[in-house]
Amino acid sequence: MTDKMNGAVAIVTGGGTGIGAATVALLASRGVRSIVNYAHSRDEAEAVAAEHNGFAVQADIADDAQCRALAAAALDKFGRLDFLVNNAGRTKHVAHEQLDGLNADDFIDIYRLNTIAPFQMVRACEAALRASPFAAVVNVASVAGVFGMGSSVAYAASKGALLSMTKSLARVLAPTIRINAVVPGYVASGWYEKMLGPDGFAALGERIAAAVPMQLTTTPEDVAAPIVMLLDPGSRAITGETMLIDAGGHLDVALSRRPGREG
Numbered sequence: 487m488t489d490k491m492n493g494a495v496a497i498v499t500g501g502g503t504g505i506g507a508a509t510v511a512l513l514a515s516r517g518v519r520s521i522v523n524y525a526h527s528r529d530e531a532e533a534v535a536a537e538h539n540g541f542a543v544q545a546d547i548a549d550d551a552q553c554r555a556l557a558a559a560a561l562d563k564f565g566r567l568d569f570l571v572n573n574a575g576r577t578k579h580v581a582h583e584q585l586d587g588l589n590a591d592d593f594i595d596i597y598r599l600n601t602i603a604p605f606q607m608v609r610a611c612e613a614a615l616r617a618s619p620f621a622a623v624v625n626v627a628s629v630a631g632v633f634g635m636g637s638s639v640a641y642a643a644s645k646g647a648l649l650s651m652t653k654s655l656a657r658v659l660a661p662t663i664r665i666n667a668v669v670p671g672y673v674a675s676g677w678y679e680k681m682l683g684p685d686g687f688a689a690l691g692e693r694i695a696a697a698v699p700m701q702l703t704t705t706p707e708d709v710a711a712p713i714v715m716l717l718d719p720g721s722r723a724i725t726g727e728t729m730l731i732d733a734g735g736h737l738d739v740a741l742s743r744r745p746g747r748e749g
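The working numbering applies: residue 487 is where the sequence shown begins, and numbers increase by one.
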């Protein structure tokens, strides 16, 4: 049986590393060509694009004009657009009790990429997506936005807003475009390894695995799989959904005492 996704086109923001890169790879295995968006990770994005039949495009999606240019790049390169994965994000690490550690500019900076940029990308891509027979969008949020935890209050708030926005957009984009959100917990990625070093990274993974019901650390590939499942036309009845991907950590009443995810 022919895969309905074969020949489709996706934009993946933050597609050069981590969850984004894993998503591009899995989409490629289904015959999907991707615009691999990056802001700074040019070498990584170009390598991912070259390996997986994609095309790397630099764009700061916090800027609306660059969002529109990114959408246009997909049409210019591939002639169509079927899927959008809003994966790019940022944070500032500040303990939640340190209220003086955040200011208005921090909130604006974080919201601009984590919340406003996904909206701008949906708006920029809307017309092209409506021309697809099976358009779908997936927003990458975080358990921080569900439980009010993670790297900072501003980060948690931005991801909570992203989840609310996903539901709002699901109503107005239906029935032509589906939109859902994945909600990772801790993700064992290169970002953490660079920050902590190999030993610290391994130790953190062991602590996380010991604290969650599934006794494992979630990888970027573990998050990419449900992203692609939600994009798949076979998921046509699913929209406005929030899918937690945290190895069962949300079942643990001690969740708020565990480290948050990256970002």
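Hints in this document: simulated from the structure, not taken from any laboratory.
Because the structure is a prediction, the values reported are computed rather than measured.
Take these hints with a grain of salt, some might be off.
[Claimed, not checked] Estimated spans, in silico, between C-beta atoms of each pair:
{"no.": "1", "residue 1": "R528", "residue 2": "Q701", "range": "35 to 41 angstroms"}
{"no.": "2", "residue 1": "A613", "residue 2": "L737", "range": "39 to 45 angstroms"}
{"no.": "3", "residue 1": "R528", "residue 2": "R566", "range": "21 to 27 angstroms"}
{"no.": "4", "residue 1": "M700", "residue 2": "R609", "range": "42 to 48 angstroms"}
[To be verified] Computed list of lysine to aspartate or glutamate pairs in DMTMM-like fashion (alpha-carbon distance at most 20 angstroms, straight line):
{"no.": "5", "residue 1": "K578", "residue 2": "D562"}
{"no.": "6", "residue 1": "K563", "residue 2": "D591"}
{"no.": "7", "residue 1": "K653", "residue 2": "D549"}
Backbone N, C-alpha and C define an ideal beta-carbon position, used for all residues, glycine too.
Quiz item: Given a hinted range of 35 to 41 angstroms, is it respected by the beta-carbon distance of R528 and Q701?
Solution: At 37 angstroms between Cβs, range holds.
Quiz item: Okay, R528 versus R566 on CB: inside 21 to 27 angstroms?
Solution: Since R528 and R566 have Cβ atoms about 25 angstroms apart, the given range 21 to 27 angstroms holds.
Quiz item: Is it true that the CA of K653 sits at most 20 angstroms from the CA of D549?
Solution: violated (23 angstroms)
Quiz item: Okay, M700 versus R609 on CB: inside 42 to 48 angstroms?
Solution: Check failed, 37 angstroms falls outside 42 to 48 angstroms.
Quiz item: Given the proposed pairing of K563 with D591, does the C-alpha separation stay at or below 20 angstroms?
Solution: Violated - the C-alpha atoms of D591 and K563 are around 36 angstroms apart, more than 20 angstroms.
Quiz item: Does K578 pair with D562 here, judged by a C-alpha cut-off of 20 angstroms?
Solution: Roughly 36 angstroms separates the two Cα atoms, so the pair is violated.
Exercise. Indicate whether the distance between the beta carbons of A613 and L737 respects the range 39 to 45 angstroms.
Key: holds (41 angstroms)
The structure does not agree with the numbered hints 4, 5, 6 and 7 stated previously, though it agrees with the rest.
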